[in-house]
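Visitor: Spelled out from the first residue to the last, the chains are:
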Amino acid sequence: MNIVVAIKHVPSTADELELNDDGTNLDFDEVDFVLNEFDEHAIEQAVLVKEAAGGEVTVVGVDVIEELDGVLHTALAKGADKAAKIVGDIEPPINSHTHARWLADAIGEMGPDLVLTGVQAVDDLDGQIGPMLAAHLDMPYVGVVTGVSASNGSVTVHKEYPGGVMAEFEVSLPAVIGVQAAEKPPRYAPISKIRQMAKSAEIEEIDADEDFEYEGCELRQMAKPVSAGHAEMLEGDAEEVAEKIIALLEDRGLL
Amino acid sequence: MSNDILVIAEHLGGKVADISYEMVGKAKELAAAWGGQAIAVMLGSGMAEQAGTFASDATLYVDDPALAEFNPEAYGRVVAALVEEKSPRLVMFGSTSVGMDLAAWLSVKKDMPCVAYVNDLTVEDGELVATAQIYGGKMAAQCVPQGDAAVVSVMAGAFPADAGRGSTAAEQIASPADLSDLKVRFVQMIMPEAGDVDITAEEKLVAIGRGIGSEDNIELAQELAEALGAELAASRPITDAGWLPKTRQVGKSGVTVKPKLYLMLGISGAPEHLEGMKDAELIIAINTDENAPIFDVAHYGATQDLFDVAEAMLEALE
Ligand SMILES: Cc1cc2nc3c(=O)[nH]c(=O)nc-3n(C[C@H](O)[C@H](O)[C@H](O)COP(=O)(O)OP(=O)(O)OC[C@H]3O[C@@H](n4cnc5c(N)ncnc54)[C@H](O)[C@@H]3O)c2cc1C
Ligand SMILES: Nc1ncnc2c1ncn2[C@@H]1O[C@H](COP(=O)(O)O)[C@@H](O)[C@H]1O
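So the sequence lines, in the order shown, correspond to chains A and B. Residues in the first sequence are numbered consecutively from 1, following my numbering. Residues in the second sequence are numbered consecutively from 1001, following my numbering.
Don't read these hints as lab results, they were simulated from the structure. A portion of the hints provided could be inaccurate.
[Stated by the list, open to error] With a straight-line Cα cutoff of 20 Å, these simulated SDA-like cross-link-like pairs (lysine to any residue) come out:
id : chain 1 : residue 1 : chain 2 : residue 2
1  : B       : Lys1110   : A       : His136
2  : A       : Lys224    : B       : Asp1289
3  : B       : Lys1246   : A       : Glu168
4  : B       : Lys1204   : B       : Asp1279
5  : B       : Lys1278   : A       : Gly163
6  : A       : Lys224    : B       : Glu1290
7  : B       : Lys1258   : A       : Asp21
8  : B       : Lys1110   : A       : Lys244
9  : B       : Lys1278   : A       : Gly54
10 : A       : Lys244    : B       : Asp1305
11 : A       : Lys82     : A       : Gly54
[To be verified] Covered stretches of chain A (chain B as the covering partner; in silico rule of three or more C-beta atoms under 8 Å from a C-beta of chain B):
id : stretch
12 : 61 to 74
13 : 89 to 103
14 : 131 to 137
15 : 142 to 156
16 : 163 to 177
17 : 210 to 218
18 : 245 to 253
For every residue, glycine included, the Cβ atom is placed at its ideal position computed from N, Cα and C.
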């Protein structure tokens, strides 16, 4: 089975997010990029399907900040077989419609049986690349999925609803599936193996169609959310904070 | 193009999801500003009664056995056909497991821009301005979809549900799209296993998030919970890792809780987690990141290491 996983490099939300001078987006020079959390799960799920059903896993991403190699090497160290990146004169931010068009062109050429994406990435406005890829490639899409198993030209997936309820679907291949969580926690790739991949792996380069333009939304402003309130902060060292919390609970009859 | 708004309602287990009413209420306001109609659209089978519970200007109920349970392909075909027929100015979905499968797909199929994770919508000089939550709730982006028509997906809880509840008679129609030869087939619903405890019934919860670091550290949180007479709850990464059972997960894909105390250790406050706990009576958050979004929602907070505070609390409680 030919499995393709689309992976994305996103600004780390663990850090302070700096805005650019006109307040319309992040200052991309000032943020750290990490692999989108749900893409770790998509990679893991792809490798699990390959281990169970045989085949090959290709990871592909748009190399927006020219630092994608690191995550591609990590994916290879975790069990992917091939890696490709879409390159060109790319200036972030790129809207989802453009990402989807580029990825669909590249993935379509690979003739996949199964395309996995993360259910979502934290950074963008436009929603999900998964359903967009499915629309471009004219394949069915099921998202918010935990667990994919393949048999005879179809996959069985579990889609999550609130409260731990799930629906089971059978989906004819080829299909695009948006992964929320892999059946097992993503495996760890030893640094030595990633280094080895960095030395030996070949990454295929695919040119982005830079003429494609999509005017999706005009981004007027980006700002830290204006919240209705803010927590009253408990000052002091850990002991003092602990005492203040306990006092709060005693006041309310919660202890 | 019309000035109408299509609101794609959702239901699960025969019950209309609140997000549907939340969207209808907002859609009425926007449609009035444009001089159009807010049209609720319900897809299902045997749901005529539920379809009559919206305060919409009009309601369409598409009845077909293939629509009894959500099926992204079948629902997608119907919604695309309705959009073709009605050419609405705006199509609203919930930012939910259902809406997430459809909004972006429709946006490509019908070439309309799409804004996801929307928590505010206004009409300014006739233009739609959408505010979306991005970067895990750390940023809010205001944007104006270009072109004649747009798709949005709306966060649960962003608008009041009561404004959308009412009793507009639904017009029942047969599916406007062919629903044979589906490549996606619904097999069955899988209900959650009965949990060890029902955290929705607990008065006090100690909730742990990724900040807990490793499975070994759960013991400390467990001790603290016991000392407080509370039960443990968790954010998604903890249950995904298998460190606590899925029944302990609070949020969008977990349960919604409203305890008297929700003490949070190392949870950032992503929108998907907030959906499940923002109405707790007393929220106290411990997080080393002073900019964590949770501090906008918690009643009390401390920028402290959770281990230091947990240990100090245990000591003080002894
Ligand atoms: C469709 C969908 C459904 C989802 N459903 C849910 C859901 O039901 N429930 C849910 O929770 N999530 C859900 N998520 C995931 C959600 O997007 C977030 O990824 C998740 O809530 C983050 O969990 P967290 O806050 O524990 O982790 P993080 O966001 O990684 O936050 C960890 C926090 O711990 C702090 N920290 C680290 N070390 C320490 C320390 N020593 N002391 C104190 N603080 C520390 C950090 O500053 C950080 O703020 C869903 C996502 C999707 C896409
Ligand atoms: N630029 C990209 N390159 C590769 N994959 C992407 C890209 N953008 C999004 N994806 C995939 O689509 C998923 C959803 O992302 P998004 O639509 O940005 O929320 C991600 O988890 C990735 O699997």
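Visitor: Now tell me, hint by hint, if it's right for this structure.
Guide: These are the hints, each one checked on the structure:
1. B:Lys1110 with A:His136: The given pair, whose Cα atoms are some 11 Å apart, holds under the 20 Å limit.
2. A:Lys224 with B:Asp1289: 15 Å, holds
3. B:Lys1246 with A:Glu168: 18 Å, holds
4. B:Lys1204 with B:Asp1279: 13 Å, holds
5. B:Lys1278 with A:Gly163: Distance of about 16 Å is within 20 Å: holds.
6. A:Lys224 with B:Glu1290: 13 Å, holds
7. B:Lys1258 with A:Asp21: 41 Å, violated
8. B:Lys1110 with A:Lys244: Not satisfied, since the Cα-Cα distance of roughly 56 Å exceeds 20 Å.
9. B:Lys1278 with A:Gly54: 45 Å, violated
10. A:Lys244 with B:Asp1305: With Cα atoms ~15 Å apart, A:Lys244 and B:Asp1305 stay inside 20 Å; holds.
11. A:Lys82 with A:Gly54: Measuring from Cα to Cα gives roughly 15 Å; hence the hint holds.
12. 61 to 74: Since 0 is below three, the answer is violated.
13. 89 to 103: That given contact holds, which follows from 3 residues of the stretch 89 to 103 of chain A lying within Cβ reach (below 8 Å) of chain B.
14. 131 to 137: Since three or more residues must qualify, the claim that chain B covers the stretch 131 to 137 of chain A holds, with 5 doing so at under 8 Å.
15. 142 to 156: Coverage by chain B holds for the stretch 142 to 156 of chain A (4 residues, Cβ < 8 Å).
16. 163 to 177: holds (count 11)
17. 210 to 218: That given contact holds, which follows from 4 residues of the stretch 210 to 218 of chain A lying within Cβ reach (below 8 Å) of chain B.
18. 245 to 253: holds (count 5)
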